[in-house]
Amino acid sequence: MNIRTIKALIYKETKQIRRDASSILVAFVMPALLLIIYGYGLSFDIKHIKIDLIQQDSGKLAKDLADAYTYSEYFSTNIVHSTQEAKGNMEAGNTMGAIMIPENFSKNVKKGKKTEIQVVSDGTDPNTAAYIEGYATGLFNQFLMGHRRPGGPSINVLSRLWFNPTTESINFLMVGALAMILSIVGTYLTSLVVAKEWERGTMEALIATPTSIWEIIISKVIPYFVLSVVSLAFTVLCGVFIFGVPFEGSIIAMSLTSSVFIVVSLLIGLLISTSAKNQFVAAMGAVMVTFLPTMMLSGFVFEMKSMPLWIQIISYIFPARYYVSGMRTIFLVGDIWHIVLRDTAVMAAMAVCLLGALKKKLRKNLE
Amino acid sequence: MIEITNLTKTFERGKVTALTDVSCELQSGKLIGFIGPDGSGKTTLIRIIAGILTPDSGEIVVDGQPLDIYETRDKEKLQIGDYQRVTSYMPQKFGLYEDLSVIENLTLYAQLRGLSGDEMHKAFEKVLDLVKLGNFQDRLAGNLSGGMKQKLGLACSLLRKPKILILDEPSVGVDPISRKDLIRMVNTMLDNHTTVLWSTAYLDEAEDLDHVVLLHDGKVTYEGCPHNAKQTVNGRVFLFGGVTEKKRLFSSELLRTDGIIDSVIVGKNIKVITRDRSIEEIYQEVSLRHEDLKKPTPLVPIFEDACIDILGGIQEKESPVTEYVKDLSFSGHDTVVEAMGLTKKFGNFTAAENISFSVKRGKIFGLLGPNGSGKSTTFKMLCGLLRQNAGTAKIVGIDISNMGSDAKLNIGYMAQKFSLYPVLSVRHNLEFASGAYRLSGKRRRDAVNKMIEIFHLGSLQNSNAGSLSLGFKQRLALACAIIHKPPVLFLDEPTSGVDPITRKEFWMHINAMVMCGVSTIVTTHFMDEAENCDEIALIYNGKIRAHGTPDELKSLCKEEKNPTLNHVFVKIVKEVDAAMEEQGQ
Chain A
4 MNIRTIKALI YKETKQIRRD ASSILVAFVM PALLLIIYGY GLSFDIKHIK IDLIQQDSGK
64 LAKDLADAYT YSEYFSTNIV HSTQEAKGNM EAGNTMGAIM IPENFSKNVK KGKKTEIQVV
124 SDGTDPNTAA YIEGYATGLF NQFLMGHRRP GGPSINVLSR LWFNPTTESI NFLMVGALAM
184 ILSIVGTYLT SLVVAKEWER GTMEALIATP TSIWEIIISK VIPYFVLSVV SLAFTVLCGV
244 FIFGVPFEGS IIAMSLTSSV FIVVSLLIGL LISTSAKNQF VAAMGAVMVT FLPTMMLSGF
304 VFEMKSMPLW IQIISYIFPA RYYVSGMRTI FLVGDIWHIV LRDTAVMAAM AVCLLGALKK
364 KLRKNLE
Chain B
16 MIEITNLTKT FERGKVTALT DVSCELQSGK LIGFIGPDGS GKTTLIRIIA GILTPDSGEI
76 VVDGQPLDIY ETRDKEKLQI GDYQRVTSYM PQKFGLYEDL SVIENLTLYA QLRGLSGDEM
136 HKAFEKVLDL VKLGNFQDRL AGNLSGGMKQ KLGLACSLLR KPKILILDEP SVGVDPISRK
196 DLIRMVNTML DNHTTVLWST AYLDEAEDLD HVVLLHDGKV TYEGCPHNAK QTVNGRVFLF
256 GGVTEKKRLF SSELLRTDGI IDSVIVGKNI KVITRDRSIE EIYQEVSLRH EDLKKPTPLV
316 PIFEDACIDI LGGIQEKESP VTEYVKDLSF SGHDTVVEAM GLTKKFGNFT AAENISFSVK
376 RGKIFGLLGP NGSGKSTTFK MLCGLLRQNA GTAKIVGIDI SNMGSDAKLN IGYMAQKFSL
436 YPVLSVRHNL EFASGAYRLS GKRRRDAVNK MIEIFHLGSL QNSNAGSLSL GFKQRLALAC
496 AIIHKPPVLF LDEPTSGVDP ITRKEFWMHI NAMVMCGVST IVTTHFMDEA ENCDEIALIY
556 NGKIRAHGTP DELKSLCKEE KNPTLNHVFV KIVKEVDAAM EEQGQ
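Residue numbers (the numbering used here), protein chains in the order written: chain A, 4 to 370; chain B, 16 to 600.
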């Protein structure tokens, strides 16, 4: 391997990256866009859900409870007096659910009797329905705690979500966004760039020079590795300082996991480009192998535990699954080394396998 | 010396054969051509010689040392890596990085060849001087013209003087002047130690080469000096002069005459190649029917004549298309196509400016020009594929701007690139084309069967169109364009990359249709083909620079003894360029 050859090729690649608007777009504009969408637009925390309050009790405690719902940021309430009316509103799509405070509610609470409220939610949107149920019962329990019969032991139940105390979506979407950006830069961009060289005939010219195939590979890997790292740093800095995403772990842990993931992504990109010699096929390949699995099967948008077992098993083939898991730990919990190292080790093993496959598939040849 | 023995190469697990038992001997210090139509195997052969493709079997010996083409790492053999140190290869499309500047491309290739510092800068000076790109060092390669790209590609491969310079179709998409330049530059490189391999589909380029290997369907059909090849047809090429009227009819009559293997229209003359029969005998026979026919004059053969002879001459002597279109009915218009002041702008760039001409019924009109001259733009405006910024165009009297789909039935169009459905069978493609042109029921079935019969597609009718050889693809494309018997036929570069026999047969079909009254507009960069046209417009830099019959145009070039359209073309392009330069200064 000749250092001067590699230097010449890397210099060329860097020039091309800098002149190509699409690489800048993918490495910087896309992360910014994703962060903005996740930070402001897309949010899995639902607030101000429209519901009806069916007030069948006019006692003071019933009013207090109604107020608790009304002033809660989760709901925007409308008081009705019959189940019929609530049903009508729900059918018309005006509300997503209803909470019924039954007759004798105040009396029962005062007496310390078992009291219940009824929560009805629109099952056509299971996500929101689950939120309504959760928020409504949570508030109700808090309310009950505050109105225990005097004399009894004061128990303070605090419902707490660990590791993402404010349950901000951006905090856990951030890691998914990183995985997505790195797969796009690593796999998508790389396979596209190599395919472009095949299409334009420059690869043919290159392999007819004394340059060895490993020199060509290394000179592709290094610039795109650097681009990936810069894009990663940019995204993390924006996430932490602009969107206030917590960063509990260490930079070392993050760098380690991310480097291995970037290498895996690059190798996948190069492997795709050994068989896909035009940009269209390369793009499709990259989307199928990295982008979609990262989106669907990394646990970044959809919770893996709720998927059928066989899909869960399939998800373990994709590196993004491990990266999201490791990075989420680093961001939200801290350096839990056994998790971080386990995930990194799996990805490293993948890298070794990919390198073996690449070595087998690659020949300095047109076929 | 490079000795190639029994090279065989197949693709797709043996399904497609690219080369069969190719053997040839290439002397050092010579300019050697691999010549053949597209798909003949020349690129495969060139790539194997460049060491970037492994053959199935066969051997290459370079200067007495066998080349390790199978990468067995046999120490006795010349390793590919070492071999590539002394060779330079310029692929099709020149292998340039379009987003790098001229000097950046040169620097990259210099460093990959181990040049640096002073040595590198000296090499730059030398090649930039040779290709005259010194003033364009900082321009991005993507912004260079075709000719300049080609020169830069050549410069990149000459940075370190190679022992073997391999050029794959260096002249594709390049104007004739740049082509001549390139051959001149390559010739200056030649000496006892440097061999240049040059592949091309243009037979006329062979005239300037020392040695040619003629490939056809993956086999060598001729190997030797082009001059020697021409000797074999010497005294067998003649010109029948002064055939003004019905030249097409006469040409096809000659072709049917015993002893004539090729007959082509050259302006108002007809050129023939004879075989196994003396021209006197032929003249006697023909003049029985044409009393005032002048005695044919002998011609100096060109390499293409030799190729036609080598390939066995024109097999099909009469076009069955005649029978198909003879009952064509025409509306009253005598002027079938009319262009008046057509102008097309793309942003600031004027692709075509004030183009005007007209085509009468039963005539062939040729649009000639190098790539990027505006001929395709003009062509597309005429068939309604592109909307003009100014001017009008009429087809059979109907303005194309408000031409309905009914009026489009008057047009048959054959695109430059293969534009049929590659995964549909030949028959299905024809059925689709006939359906698209509103044929149905029995008429449709008859039309499809007739086309299959005329173009000899019977045995291939169930094969996928994509798997056909280029010659058959092109026949199919023509069949699809004429299946609805259009009175106007548009052909965009119909014969590029096709072997000479197929080209001749193609023109025979076109001439047959024209004789039945079909009007044809054709774009081409084959100057000899343009001789078939009744009228030619030479387009360069978006304007018509010359307009007239082939003979009128040739008379513009008085300084040549035997002017060809190529001479005219070169002259006009040079004049325009000189005028532009003057304006610029």
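Calculated from the structure, these hints are not laboratory results. In this text the structure is predicted, and so the values were computed from the model without any measurement. We put the CB at the ideal spot given by N, CA and C, even for glycine. Some hints here could point you the wrong way.
Computed cross-link-like contacts, BS3-like style, restricted to lysine-lysine with a CA-CA straight-line distance of at most 30 Å [to be verified]: (1) B:K92 to B:K195; (2) B:K108 to A:K10; (3) B:K589 to B:K108; (4) A:K116 to A:K90; (5) B:K30 to A:K362; (6) B:K432 to B:K465; (7) B:K176 to A:K18; (8) A:K363 to B:K90; (9) B:K332 to A:K362; (10) A:K10 to B:K141; (11) B:K108 to A:K199; (12) B:K432 to A:K280; (13) B:K108 to B:K30; (14) B:K375 to B:K332; (15) A:K363 to A:K10; (16) B:K108 to A:K364; (17) A:K363 to B:K30; (18) B:K576 to B:K195; (19) A:K362 to B:K108; (20) A:K199 to B:K92.
Computed list of chain B residues with no C-beta within reach of chain A, every gap over 12 Å [stated by the list, open to error]: (21) E18; (22) R100; (23) D114; (24) K341; (25) G362; (26) S482; (27) F521; (28) E567.
Chain A regions said to be covered by chain B (calculated; three or more residues, Cβ under 8 Å) [stated by the list, open to error]: (29) 18-27; (30) 211-221.
Hints the structure fails to honour: 1, 9, 20, 22 and 23
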